[in-house]
Amino acid sequence: MKRRTLLATAALGLIALGGTAEAQMEKVKACFVYVGPIGDGGWTFQHHEGLKQVQAEFGDKVETAYQESVPEGADAERVLTQMALSGCNIIFTTSFGYMDATNAVAAKFPDVKFEHATGFKRDHPNVSTYNARFYEGRAVQGTIAGRMTKTNKIGYIASFPIPEVVMGINSYFIHAKKVNPNVELSVVWAYTWFDPAKEADAAKALIDQGVDVIASHTDSTAPLAEAAKTNGAVIGFGQASDMAEYKPSPRVSSIIDNWGPYYVKRVGALLDGTYEQADAWEGIAGGEVLIGEITDAIPAEVKAEAEALRDAIAAGTYHPYTGPLKKQDGSDWLAEGQTAPDGDLLGMNFYVEGITGDIPK
Amino acid sequence: MLRLEKRPTPSRAWAWGTPFLAVLLTMIAGGALFAMLGKDPVAVVRTIFWDPLLGEYAFYLRGQLLVKAGPLALIAVGLALGFRAGIWNIGAEGQYIMGAIFGASVGLAVYPTESRWIFPLMILAGGFGGWLWAMIPALLKTRFNTNEILVSLMLVYVAETILSKAATGFLRNPEGAGFPGSRNFSSYPAARNPELIAGTGMHWGVVAAFIVVIAAYVLLQRHLLGFQIRLAGQAPRAARFAGVRPNRLVIFCLGASGALAGLAGLFEVTGPAGQISIDFNQGYGFTAIIVAFLGRLNPVGILLAALLMALTYVGGEMAATNLGLPSAAIRVFQGMLLFFLLAVDVLSNYRVRIAAFVKEAR
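In order, the protein sequence lines correspond to chains Y and L.
Going by numbering that gives the first Met the number 0, 22 is the number at position 23 of the first sequence; the sequence numbering is gapless.
Going by numbering that gives the first Met the number 0, 49 is the number at position 50 of the second sequence; the sequence numbering is gapless.
No lab work stands behind these hints: they were computed from the structure.
Even for Gly, the Cβ is constructed at its ideal location relative to N, Cα and C.
Errors might be hidden in some of the hints.
According to the in silico footprint, chain Y covers these stretches of chain L (three or more CB under 8 Å from chain Y) [stated by the list, open to error]:
(1) 58–72
(2) 89–98
(3) 156–168
(4) 212–223
(5) 322–333
When you get a sec, could you build the whole thing from the sequences and use the hints?
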């Protein structure tokens with residue numbers, strides 16, 4: 000699995016799973032394993048920004064090291080072992096596919112802390128997991144999409160048929176439908192996290208179908224580049240990082256992964272001896288998901304509506320999955336006013352009512 | 000002036016000497032590159048070439064060299080058979096994937112049965128999967144005279160799509176809460192390819208690589224088929240007169256290389272990788288092409304070339320993590336090594352003459 004983006008096991012915010020607090024440390028060596036190059040402009044770039052924040056926050060008290068473009072599987076296990084051997088105190092593994100390798104190496108180095116992004120396995124007391132509620136950002140994008148589409152056709156470039164992605168599609172559609180009952184959603188499965196050529200093809204296919212708002216769950220700027228060729232007829236969003244070079248249009252907003260605060264918190268806890276095993280899943284409220292600037296390419300009232308939604312989610316007064324909601328097959332899912340339990344979200348393998356097509360099996 | 004003069008026969012001394020010269024030149028050019036990046040060139044070169052073999056963590060890294068070199072050697076030996084006969088299988092990556100899928104399917108189908116026959120059966124299925132995938136370009140070539148380079152390469156992408164389907168669909172772990180990826184073989188003893196001696200990195204795939212290297216050496220040197228392969232590559236017309244049937248050679252070479260790539264995939268998925276996942280393939284099938292040529296299409300040379308490639312990978316990772324080098328710089332370094340190896344090859348085929356003061360005869 001190209002990195003990350005999967006989660007499981009219910010987790011509300013930051014739940015400490017027990018384990019005893021450790022002694023204080025004079026100096027911490029924090030190491031990061033990346034699935035792509037730090038110049039990818041998306042997923043890995045944002046994790047590396049987090050590393051820089053850790054370095055800036057703690058200065059001399061922390062030493063950082065990282066390794067780019069580490070393939071998942073046997074290679075990851077070797078890199079992790081090398082890092083543990085060479086004195087890393089805490090190792091962040093920033094892709095879903097590192098899950099088994101992280102747990103396997105953690106078993107051999109009980110004194111080293113392991114933090115695995117987007118995974119759900121914590122087989123040993125020294126393994127923690129963390130992720131972000133990206134579906135909250137999709138709600139904001141869906142609202143903009145529903146308001147902005149002229150053809151009533153919106154699109155979604157999906158990577159892999161996994162709960163994390165399905166969660167994003169549903170949230171995007173629900174909120175588009177809410178403001179525009181006539182909206183139709185087309186989903187294209189790219190089966191990749193990062194492949195500019197494939198992503199561009201997917202965007203072209205959507206545009207050919209008459210889609211005029213495209214959200215993507217892949218990492219490159221290729222879909223925005225395709226949208227840019229339409230002279231403003233098609234808009235889209237930055238994904239993982241701000242992708243500000245496509246402002247003010249076609250990029251009208253973005254979801255930015257902001258890992259820095261979490262990294263600072265965890266390394267800080269290790270330094271002052273308050274570190275405990277954890278399972279973190281923060282969203283807009285915790286600052287892990289940022290909504291990039293909504294540009295003037297969209298009308299002020301739509302912008303205000305989207306920002307109000309963002310603020311309501313941040314304040315905890317609104318949950319993007321609030322009933323009444325039915326599944327695609329018409330069966331009941333959430334009753335009036337009921338919000339989705341995290342367990343349902345983390346295992347989500349169905350579309351909500353109104354989306355056509357099937358999730359590939 | 001320097002002048003190149005073709006040797007009547009390639010120099011044996013240079014054939015052995017050039018690899019060392021190439022490594023030396025790479026160290027110098029690479030060192031200059033690292034110095035320009037602001038790193039201590041001596042430290043970097045030592046980290047790449049010395050530390051994995053004799054450094055502080057060598058006890059762990061030496062084994063990892065075998066883990067990395069095993070599949071490369073296994074695939075490259077198969078490819079070299081075809082390359083010698085002028086049959087170009089570029090799609091070993093696809094055959095590697097299919098071998099892993101076929102083998103894993105057999106193991107997962109009977110999960111959680113414990114029997115000593117399961118793993119051998121999986122090995123057979125893995126080899127069969129790779130063979131089957133290679134038979135597509137082989138039959139298309141022999142029946143319709145299509146180009147095996149294109150067909151085998153394109154089938155890599157087909158195999159990758161099937162791999163995606165396997166990881167998210169028919170081989171997905173039913174207890175994985177809907178997440179892609181098969182069961183992990185490390186927790187299924189009957190189907191596992193374990194480390195045979197703890198800490199050595201030695202697994203059945205490495206053992207198979209050693210056996211195949213010896214078998215291929217014997218085949219090429221002592222067997223009629225090996226003679227036919229070499230003849231077909233060097234003198235196709237003469238080969239036909241000598242009774243070589245080109246179509247049978249195509250079927251054999253593609254089949255053998257496919258089966259070996261399939262075996263490599265099977266040993267990898269049940270051992271170091273542990274499971275079928277969407278990104279299970281990591282380019283061994285393509286790197287093996289380089290290894291085959293680096294080893295001069297000679298089985299023993301391939302074994303050494305695979306170990307050298309593994310060294311640059313493992314040492315390169317060490318340098319990237321410990322010295323903060325960008326991974327792209329390591330790739331450039333690996334590229335330099337290949338470039339110099341091929342460039343200094345000229346010395347074994349040509350003599351360098353200093354011709355500045357010699358008047359040329361008219």
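Which numbered hints fail: 2, 4
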